[in-house]
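Residue-level listing of the chains:
Protein chains: 2
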Amino acid sequence: MRAVHRTIGVIGGMGPWATLDFFEKVLRLTPARRDQEHLRLIIDNNPKIPDRGPAILGEGGEDPTPALVATARTVEAAGADLIVIPCNTAHFFYEPIRRAVRVPVLHIMEEVARAAAQRLPALRRVGLLGTRATVATGLYQKAFRPQGVEVLAPDTAGQAVIDRLIYAIKAGEAGEALRAEGAAVGRRLGEAGAGAVVLGCTELPLVLGEHNLGLPVFDSNLILAQAAVRLATSPQPLPREVGA
Amino acid sequence: MRAVHRTIGVIGGMGPWATLDFFEKVLRLTPARRDQEHLRLIIDNNPKIPDRGPAILGEGGEDPTPALVATARTVEAAGADLIVIPCNTAHFFYEPIRRAVRVPVLHIMEEVARAAAQRLPALRRVGLLGTRATVATGLYQKAFRPQGVEVLAPDTAGQAVIDRLIYAIKAGEAGEALRAEGAAVGRRLGEAGAGAVVLGCTELPLVLGEHNLGLPVFDSNLILAQAAVRLATSPQPLPREVGA
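Top line first, the protein sequences correspond to chains D and A.
Heads up, the first sequence is in my numbering, so the first residue is 91 and it goes up one at a time.
Heads up, the second sequence is in my numbering, so the first residue is 91 and it goes up one at a time.
Honestly, I wouldn't trust all of these hints.
Because identical chains cannot be distinguished in the list, a pair is counted as satisfied if it fits within a single copy or across any two copies.
Below, a list of computed lysine to any residue pairs in the SDA-like style, where the Cα atoms sit at most 20 Å apart [said to hold, decoys possible]: (1) K232 x R222; (2) K138 x E166; (3) K138 x F182; (4) K138 x I187; (5) K232 x E200; (6) K138 x E127; (7) K138 x T120; (8) K138 x L321; (9) K138 x S324; (10) K138 x R123; (11) K138 x R124; (12) K138 x H95; (13) K138 x R96; (14) K232 x R204; (15) K138 x V94; (16) K232 x L210; (17) K138 x P121; (18) K138 x A258.
It should be emphasised that the hints constitute simulated quantities derived from the structure, not laboratory data.
The following block holds chain D by itself, in its conformation from the complex:
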């Protein structure tokens, strides 16, 4: 059978370092010995998309929906056969994005929940490290509910540390002390009963991992890259609604 190679469209720039990390993960996950065996990606690294957090939390930010929809249409028009959004918080706006294009759009929470069920089928409680906005959307809670997995989020003080860490990563200034504080927040979720931790913000895998959390980790950006490569190389026809 001829190798199928679909083009992966990336609604990127949220933030740019997370988009770069996603791109690198796709390259690492692709078995290729020469250029032509790699996958085509159309990346719209569009950091001009307004900040997702304030808009979700009703803190007066500009609505990012029009920019997200326009970026989805750009990568579709450029040739994407499937679309990913390497930003957890942006999935609050998943429905309008999905409806704006004809190609499937992967849903990062659904992919993480699916990967968790495969890797740790006996998991009952999972910790969630992400932006305050991502936690507030309840999207991980919704994705894990059918599997009977409870989602544990940090307390208010812990969440404030994680938000500071995420914005520091975006600013390129996440120092050792702040990283250690963030890791401690994750370890406390383990002490509270979480059997694993979701890195539910695509900036966090840049500084957190099993090495400093001491728990199994679900890296949402890696899981999204794995799902994208699997679908881009699948001999099966693509389902219209990948995340549904």
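Guided by the hints, dock chain A onto chain D, whose structure is given.
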């Protein structure tokens, strides 16, 4: 004055690791404390573009011109205000690409020669490490000629080492021994009179640098990223023909 932020279009995938390296260099070169201060990039990582080398050397490869032109038009249609090609060898096809779009297309050899003149104005001889095809095109020789800089290329055996190294990087298997051989080829250019070395293939900065060459190095991918960021943030109108 309002900050000008133009969109950088990238004709990528030649190879994908060099495109990733270009993307990372642009992010590092952009002073940004939050997502929205970064630059928008439209990256068509299109590794399906046929191999440039055999086509240039008359060794029977498929002509990459149609795919290069189509990729240039894709990034232009997606919103690029200027276009870069992070692949030296592909610049053999610069003219048809430039003619296919309305926005400026940077010329990597012109940018390297300009940067070399600024950094080492007394330079008389420069070594060139690149694919056999890039050396054969004479594009670096042509770019450096107006400055009276002579381009020294490796001998046949040395060139064969560099070609093996480049294709090994693309295959993800450039081991220590081959890297050391490649560095030795570069150092021999210094012994032959070169006052600096051009890394004239965007894969080479991934394994070679001043640390193992012992000579000033012009990293063509870094210089291209610097030129792109400079133009993308310049308050001046863009010249139509950046590389001319």
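* Asked: With identical chains treated as interchangeable, where does the CA-CA distance between K138 and S324 reach 20 Å or less: within a copy, between copies, both, or neither?
  -> between (33 Å within a copy, 18 Å between copies)
* Asked: Taking 20 Å as the upper bound on the Cα-Cα distance, should K138 and P121 be classified as within, between, both, or neither?
  -> This pair counts as between: shortest inter-copy Cα distance 15 Å, intra-copy 33 Å.
* Using 20 Å as the alpha carbon limit, work out where K138 and R124 are close: within a copy, between copies, both or neither. => Classified as between; 10 Å across copies, 34 Å inside a copy.
* Alpha-carbon proximity context of K232 and E200, limit 20 Å -> within (9 Å within a copy, 54 Å between copies)
* Asked: Is it within, between, both, or neither for K232 and R204, if the alpha carbons may be no more than 20 Å apart?
  -> The answer is within: 12 Å in one copy meets 20 Å, while 56 Å across copies does not.
* 20 Å Cα threshold - placement of V94 relative to K138 -> between (33 Å within a copy, 13 Å between copies)
* **Alpha-carbon proximity between K138 and R123, which holds within one copy, between copies, both or neither at 20 Å** => between (35 Å within a copy, 13 Å between copies)
* Asked: Checking K232 and L210: alpha-carbon separation at most 20 Å within a copy, between copies, both or neither?
  -> within (18 Å within a copy, 60 Å between copies)
* **Same-copy or cross-copy closeness of K138 to E166 [CA-CA at most 20 Å]** => For K138 and E166, the Cα distance is within 20 Å both inside one copy (19 Å) and across copies (18 Å).
* To do: Could you place K138 and F182 in one of the four classes (within, between, both, neither) given a Cα distance threshold of 20 Å?
  => Within one copy, since 18 Å is at most 20 Å while 34 Å is not.
* To do: Check K138 against I187 for me: Cα-Cα at most 20 Å, and say if that holds within a copy, between copies, both or neither.
  => Intra 17 Å, inter 28 Å, cutoff 20 Å: intra-copy only.
* Can you give me the call for K138 and L321, within, between, both or neither, at a CA distance of at most 20 Å? => For K138 and L321, only the inter-copy Cα distance (18 Å) is at most 20 Å; the intra-copy one is 28 Å.
Checked against the numbered hints above, the structure violates none of them.
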